[in-house]
Structures are given as structure tokens and as C-alpha cells.
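Novice: As a plain string of letters, each chain reads:
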Amino acid sequence: MKRETKIIMNIFCIAGLFILCLTNEAKAYMDPGTGSFVMQALLAGLVGIGVFIKMCWTNIKLTIGRLFKGKENSNTPS
Amino acid sequence: MVRKNIMWNIHPFLFAVFPIIFLYSHNIRSMESSRMVGPILFAVCITLCLILLLRFIFKCFNKATVMSSIIIATFTSYGHFYQTFQTSISEENLIYMDIILLNLWVGFVILLLLFFFRTNRDFNKTKAILTIIPSLLIFISISKIGLYAYKNHELYEWHYSPQAKSIPSIEPKQSADSPMPDIYYLIFDAYARDDVLKKYYNFDNTPFLSLLEEKGFYIARDSRSNYTQTCLSVSSSLNMTYLSTLADQLGTNTNYVLPLNQMIKKNLLFEFLTQHNYKTISFATGYYPTEIHNADYYFSPSWVPDDFQNVLLERTPLPSLKFMFDMPDRRYKVIAHTISQLKEIPNLDNGPHITFAHLSIPHAPFHFDQYGNERKIFERGYANLDTNSEERQKYIKGYIHQVKFVNSQIIEIVNCLLENSKTPPIIVIQSDHGPSSFLKWNNPDKMTYYERMAILSAFYLPDFDTQTISPSITPVNTFRIILNHYFQTDLDILEDRSYFSSKTEPYNFVDVSEYLDENSNGLASMEYVSLFRQIQ
Chain A
1 MKRETKIIMN IFCIAGLFIL CLTNEAKAYM DPGTGSFVMQ ALLAGLVGIG VFIKMCWTNI
61 KLTIGRLFKG KENSNTPS
Chain B
1001 MVRKNIMWNI HPFLFAVFPI IFLYSHNIRS MESSRMVGPI LFAVCITLCL ILLLRFIFKC
1061 FNKATVMSSI IIATFTSYGH FYQTFQTSIS EENLIYMDII LLNLWVGFVI LLLLFFFRTN
1121 RDFNKTKAIL TIIPSLLIFI SISKIGLYAY KNHELYEWHY SPQAKSIPSI EPKQSADSPM
1181 PDIYYLIFDA YARDDVLKKY YNFDNTPFLS LLEEKGFYIA RDSRSNYTQT CLSVSSSLNM
1241 TYLSTLADQL GTNTNYVLPL NQMIKKNLLF EFLTQHNYKT ISFATGYYPT EIHNADYYFS
1301 PSWVPDDFQN VLLERTPLPS LKFMFDMPDR RYKVIAHTIS QLKEIPNLDN GPHITFAHLS
1361 IPHAPFHFDQ YGNERKIFER GYANLDTNSE ERQKYIKGYI HQVKFVNSQI IEIVNCLLEN
1421 SKTPPIIVIQ SDHGPSSFLK WNNPDKMTYY ERMAILSAFY LPDFDTQTIS PSITPVNTFR
1481 IILNHYFQTD LDILEDRSYF SSKTEPYNFV DVSEYLDENS NGLASMEYVS LFRQIQ
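Just so you know, the protein sequences line up as chains A and B, in that order. Numbering-wise, the first sequence is residues 1 to 78 according to the working numbering. Numbering-wise, the second sequence is residues 1001 to 1536 according to the working numbering.
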């Protein structure tokens, strides 16, 4: 759990710094900031996908392993 | 364990408050943090209701929170994605795109509901991811706020200091015995001077101006604005001063405009007139910097969102529903309400009153046709006006329609004020800056600030020798001459100067007064601006 927390914190810092460097300043009195919003949403989405893969990594490995194993077995002549 | 469960279930609330914190972080230079409180409370309440409703439907708390998060995230980001595609679609097809997008969103929510009904999953992993995503987004926005506050801590300290809040006092030489007149300061946003209308808009405004003259108005035929932006111009005119001292205090490279809001809300003109037993009157403007809520009388239509809340609402699918169900636009409601209320002011009470009304018309967007009917225009956010001829022609057409409507309303308002006032009133009809069919902030070499700074200035001043008013008067001197005459003050008449500054550096003033004559085509003067910047 501690390792996971550390990974999440690292992700936060790297993604946060990356976005902070790229975000634009408001151009109008009340600027909706669509460009920054979309970019942040996409990056946060990518982080989410990354975390999801990380969480399911054991299951993914097992599934892929099973798939290849099944293929190998089916290729073996009976 | 219970605490851990709660932590992983707060994600719908995080998704709900993120757009509010994001918008504040993006516009921190121009708004107070307190304006987030209302929307955050509203978002939290709505989220709670949604969770409870979905919990009742699914009989499962995890399902309810996950479904809520997805609905909230797509609902509040809808407008951003819409705007991303908007630029590549023609204006006529925008409504179809909106219908398609709206149907897609509704379809997505229905499919999601069906999926959640049928599935038996526990969503424990999904909950974790749904918590991480908005937490990261909020973390970024809060970091941005912190970074801005750290960089500008001196400005904040100054802004909240007593020195920033103090305003100079004006001493009258003697108090007047006769009943004092009501004063009306009516600002019509971006109303151009007649020569600009003739030259660039092919519109002859002479009949309207002649009508005003017949009623006793003096028209300053060569009037210019002191600044190119509303908040700069209005804070300057209401405080009867140039903003060079403020620029010196804040620095020319900052975009921190909060002090201007403060200068408008607590202004020298209101302070002075309050000391002379005037009651202050203001109206909802739909533009937060010019909203003076603390006036003795503040008139507003039944609830209308302020500009911050409006931008938040515009990011949701709600404007599409408003458009489809033919509901009036916020801006239309505010302007129509102010116009109708202005006519009633003389009947309010015994006064005397100082009435300040900033009407964001004939400024774009063009919600009014020439007869005052609401034009259904479909747009979200700010129009990105380009200098190509097609866009300019659309602007000119919409602008002239609004000028015609405003003209008819000004005459009606003036008639009401003159007929119903017991003492002949003082009426100032002025614009804060000119229109912007040639304006491009980022490419000043292509814009004509002659168009942006030549403004309408009309004065109804009873028992005043208007021959003494300079035809090129600027708003900074408007109330200096009025107070000197009617209140026997001894205010200096300042030299009429006009300063250009961009949105990104509002205090980086460039004196362009010498280049504001009718014969300038703007390019020569912009060369001067470029040269000035290079020298700086």
C-alpha cells in the first residue's frame, strides 16, 4: 500500500508540473479556459488508464499468459 | 475501515467541484475566491441529491457513486468539448451539432443506466480510479492558484491594505441651498462616435444625435475614451482619475485587475455624492466588475447568474435546452430589465439620486434586433472575431441593429427622465470604449484603435454653459466639470489623454492621444505602438 501511495504521489507531481508548465493564461475577462481544460482532462484520463492497468496488471498478465498458453497447446499436434 | 470507504466514495463531489476550482484558477487575476462559495455549495447539494436518487434506483451505494461521477464529469465538461469542435463548424450548423451532441450524451447516460442495472460488479477498482482522476485535476488547479498567489503576494497584500481601500475626499466650497438634481450616468458599452459609424459602419447617426440636441443635450463630437477596456475606463471615470498611479503600484507587467473592481464598487463619485445626501442606484449588469451591489438601491431581474456562474453553466448542456425551449438569454434579460427600470427612477422617492447604469449594448454578442426583439443566436463563450471581411460584415450588421435599438431606447429613457423629474436632471450618456470590428488584441498592427477609442458622449446639463466643454472631452473629466459647476468644487480639469493597453497587460499603457484623428487609418498609429514597445 505504501508503494502504491508513493507511485500515485509521483504521478501527481509529474503530471501536475507538466500541466502547470503548459497551461495558458486567461485571454478574456472570464475565460472558460477550454484548451487547458481539455488538455488536463486528457492527461488525467491517461493517468487513470495507467493506474487501472497497474491495478489489474496481475490479471492482465494471467490473461495474456493463458491466451498464449492456449495457442501453444492448440498448435501442438495431437 | 468506514473512513477508508468514505474516502473512496467522495469522487462525485470532487468531479462536481473541480470545474469551479478550475475556472477560478484560470481567472484568478480578475475574481475573488469568495465567488466560488455559492457554486461549490450548489454543486455539492446537487451531487448529494443525485447520489441519493441513484442509490434509491440501484439499491447499491457503489453503483450510485460511480454512475454519479460519470454523469457529472460528462455534464460539466460537455461545453468544453463542444467548443473544441465548434471552431470547425459553420454558424448555421452549430445548432444541429448541438442537437447531435446532446442526443449522444443523453443516449450515453441511458446506456450507462441500463448497464448499471444489469451488472453485478462491485466497482471497487473503478472507485479508486475515479477518485484519483479528479484529485489530480483539483491538485493541479490548487497548485496553479498557490503559484499565482506566491508570485503576486505583494499585489495581494497591497490590495487588502487600507491604503488600497482609501479614496481621496473632495471638499466643496459651499453647499448648495436649492434642490439638487438627480444625476444619471448611463454607459452604453462600445457605442461608437458618429464619424466612426459613418466611416466603418456606413451608418448615419445624425438624426439620433440631432434629436438629443433638440432636447437640450450637448454632444461632444470629438470625444475619446481614456482606455480601451471597460473595467479600466469605468474605474477611471467613476474616480475621476487616470490609472497611472495604480499602474505604478502594481507594475505594468501584471494582469491583476481585482483592484479595478474595488475602485468601481467603492468609487469617489458615489462617496462624494453620498456625503451630499444623494442615494445611490445601480443595476445588474451581467459583468461583475461593474456590479455595484452595495448601492442604496440595486435593481436586478429575478435570479440571473453572474458572469462566473454563467461560464460554468455554459460548459453544461443546459444552454442547448434553453435554446430549444425558447428561453430568454441572460444578457437579454438583464439589459431589458435595466431599460425598463431606468424609466421608473424619477418616481422612486424624493431623492436626490445618483444612478449608475452600465448596459452591455451595443457590444457583441448581438442578442437584440433593431426593434428590440431577441435574436436567437447560438454561441458559447466569447466570439473570436477575426479581421476577415465575412466576420466583420456579420459584426457590423449585428452592431448596427443594436445601435438602432439602443437609440430608440435612449430617446424613450430621456423622455421619461425629463418629463418625470421634479428638478431638471443631469444626464450623461457615454460609452466606455468604441466597438471592435478591427480589433485584435494580439496583432495590434492590424487593428484600428481610432475605432476603439472614439466614443459617444452626450450631456444634459441644466443651467450649464456647454460651450465651455471641450469637444474632445474624455470620461475622466466628465464628473470633474459637473461637480465643479453644481457642487462648487475646485477640481482641476485634467489633460484629455487616451491610453491603449492589451488584455494580457492591462496596465502597460501606451499614450496614443496624438493618433486618434479621423484621418488616421490606424496602421500608422499602430506602427507607433510597436515602436513604443520596442523602445520600452
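If you are wondering where the hints come from, they were derived from the structure by calculation, not from laboratory data. Since the structure is predicted, the reported quantities are computational estimates derived from the model, not experimental observations. Glycine included, every Cβ here is placed at the ideal spot set by N, Cα and C. Any given hint could be a false lead.
[Claimed, not checked] A few chain A residues facing chain B, derived, Cβ under 8 Å:
no., residue
1, F37
2, V38
3, A41
4, M55
[As the list claims (entries may be wrong)] Footprint (simulated), chain B over chain A, 3 or more residues, beta carbon under 8 Å:
no., segment
5, 30 to 36
6, 59 to 68
[As the list claims (entries may be wrong)] Label pairs and their calculated CB-CB ranges:
no., chain 1, residue 1, chain 2, residue 2, range
7, A, G35, B, Q1249, 30 to 40 Å
8, A, I53, B, W1303, 24 to 34 Å
9, A, I53, B, Q1249, 27 to 37 Å
10, A, K61, B, G1146, 36 to 46 Å
11, A, G35, B, N1253, 43 to 53 Å
12, A, I53, B, M1007, 33 to 43 Å
13, B, Q1467, A, G35, 29 to 39 Å
14, A, G65, B, N1124, 49 to 59 Å
15, A, K69, B, D1122, 24 to 34 Å
16, B, N1124, A, K69, 27 to 37 Å
17, B, F1115, A, L67, 51 to 61 Å
Novice: What hints, given by number in increasing order, does this structure fail?
Specialist: Those not satisfied are hints 6, 8, 9, 11, 12, 13, 14 and 17.
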